[in-house]
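Student: Knowing the structure of chain A, use the given hints to seat chain B on it.
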Amino acid sequence: MAAIVSVTDLTKTYDGGFQALKGVSLDISEGEILALLGPNGAGKTTLISAICGMITPSSGKISVGGHDIIDDYRAARRLIGLVPQEINLEPFEKVINTVRFTRGLFGKPRDDAYLEKILRQLSLWDKKDAPIKELSGGMKRRVLIAKALSHEPRVLFLDEPTAGVDVELRKDMWEIVEGLRADGVTIILTTHYIEEAEAIADRVGVITNGEILLVRPKDELIQQMGKKELWIELPDAIASVPVALESFDLRLEQDGTRLIYAYDTASERTGITKLLSTLSDEGITLRDVSTRQSSLEDIFVGLVGENA
Amino acid sequence: MNWQAIRAIYIFEMARFFRTLMQSFLSPVLSTSLYFVVFGAAIGSRIDQIEGVSYGAFIVPGLIMLTTMTQATANASFGIYFPKFIGTIYELLSAPISFLEIVIGYVGAAATKAFFIGMIILGTAFFFVDLPIKYPFLMLGFLILTCISFALFGFIIGIWAGNFEQLQIIPLLVITPLVFLGGSFYSVTMLPPFWQFVTMLNPVFYLVSGFRWAFFGTADVPIGLSLMAIALFTLACLVFIGWIFRTGWRIKP
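Chains A and B are the protein sequences, given in the same order.
According to the working numbering, the stretch in the first sequence is residues 1 to 308, in order.
According to the working numbering, the stretch in the second sequence is residues 1001 to 1253, in order.
In isolation and in its complexed conformation, chain A is listed as follows (with noise of 0.2 Å):
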């Protein structure tokens, strides 16, 4: 699919000295959702400010539906929709003016329909003649999402959309951008929620120290990279694991009642039948066998952790 946003060679060096990127390349295809992953300070939130205008790159290339993001800059942001990570409103402007004042600013006539349209799905009609300041922090923050999407983007960026957000309105969150990807929209996020990646992106980049490491399908991420682990559960407890079963590199957890075996499920043995024979030779009766995969989380975790 063409890409709708393509980064090349991006830097950001900061007055201070600070290089934020360094050298980052990224191409995002029409309609996908892509979850940014990557701890504090990594880069995510200068990469979306380089690509949206906040602030200028140091060098390399940024391009939206084609248009070069400086040289076509009214294009460019036409098509760009953005929700920040801080909650930044006007505490005394009602719902709707701002709203309207958004949706003005991106050179759009006004539309009343339209915008109604926004605040029911977000469940702000009722409040669209209150001042900001008497909303809850949740609201404020649809109120932020009904802003960037006033001006009908192509291309939605939620800067940690979910960051001190309670578990209903962040479901609901995820409810709203499966909608707009319903509607063709292209949704960048980024996050520190690895559920949050795991449930909704279809692709998954993890940025760190300024670069990114890798994007990827999040299924393919998950499958490659992904160990699996064997559980075993035994109905009686065994005070170490056999020396017959050493090979296997086994855990033994739950006060001896539990084996553990990781595999992997890329490789051409994966090592369970010989296991389990070898149990069945050593008189080792068994409970349950269950397996499980491990989650987004570990691999991140383990990624941050290699190039930290």
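Mixed in with the good hints there might be a few duds.
What the hints assert, rightly or not - Okay, the calculated beta carbon distance ranges per label pair:
#	chain 1	residue 1	chain 2	residue 2	range
1	A	Ile87	B	Leu1131	49 to 55 Å
2	B	Ile1011	A	Asp72	26 to 32 Å
3	B	Phe1245	A	Pro131	30 to 36 Å
4	A	Ala130	B	Ala1236	40 to 46 Å
5	B	Leu1232	A	Glu175	56 to 62 Å
6	B	Ile1086	A	Gly256	56 to 62 Å
7	A	Gly137	B	Ile1011	38 to 44 Å
8	B	Phe1245	A	Glu220	44 to 50 Å
9	A	Asp111	B	Ile1086	24 to 30 Å
10	B	Glu1165	A	Gln223	35 to 41 Å
11	A	Ile87	B	Pro1203	39 to 45 Å
Claimed, not checked - Below, simulated PhoX-like cross-link-like pairs (lysine-lysine); rule was C-alpha separation at most 20 Å, straight line:
#	chain 1	residue 1	chain 2	residue 2
12	A	Lys140	B	Lys1252
13	A	Lys61	B	Lys1252
14	A	Lys94	A	Lys61
15	B	Lys1252	A	Lys133
16	A	Lys140	A	Lys127
17	A	Lys117	A	Lys94
18	A	Lys133	A	Lys171
Keep in mind the hints are simulated off the structure, nothing from the lab.
Don't be surprised by glycine CBs; every beta carbon is placed ideally from N, CA and C.
Tutor: For chain B alone, kept in the frame of chain A given last:
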């Protein structure tokens, strides 16, 4: 040109003005009335006419100038500083608008507010003194130019300011003294020669003088010089804003 964006900024800023309508209008009207009572009625009754104009009427152009300059500067500086302070500046930076359009929106709104307040003071003045206006269109033109140029100046201050103290300090420490010492309440001919010379170095003096000329047809300096002064001031502000635009000074890392 993204006219929708200019319109959006203008409407948004004017809404702030109307939200605080009482403060916006009441305080200039009240302070002007106090000036009239103190300078016009109390002190003015003991002063002869200046250049053929009663003292009460003589101070009106200076009073209008004092308030419009302060208001234009304060409104424009606050207008652009506040988004920086609360973080909503991200919207301006990520929207498909040029810096020129941002300036037109904010400066236009600030100048409009200052102009309205100027007109209200003029209206208030009619209650206190008998006020001739010899060249009404020129007077309005001069007032509009002043509002725009000082709103441009305020915009620069708003971009420059790093905190609320800095935002207040220029109107307080620069504009008010310059207007007071710029012949608002006296004719420069009333001063000793040394202070006359000092007054000539004050740019606001030329503006007050020009504005007064539009009312009474007499002034301390020729009207051409006053027009040149305001044009130069506006140009200086525009050049500086152009530089901010090119460098992203204080707004864009």
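Student: Would you pick out the hints that fail for this structure and give their numbers low to high?
Tutor: Going through the list in order, the structure violates hints 7, 10, 12, 14, 15, 18 and respects the others.
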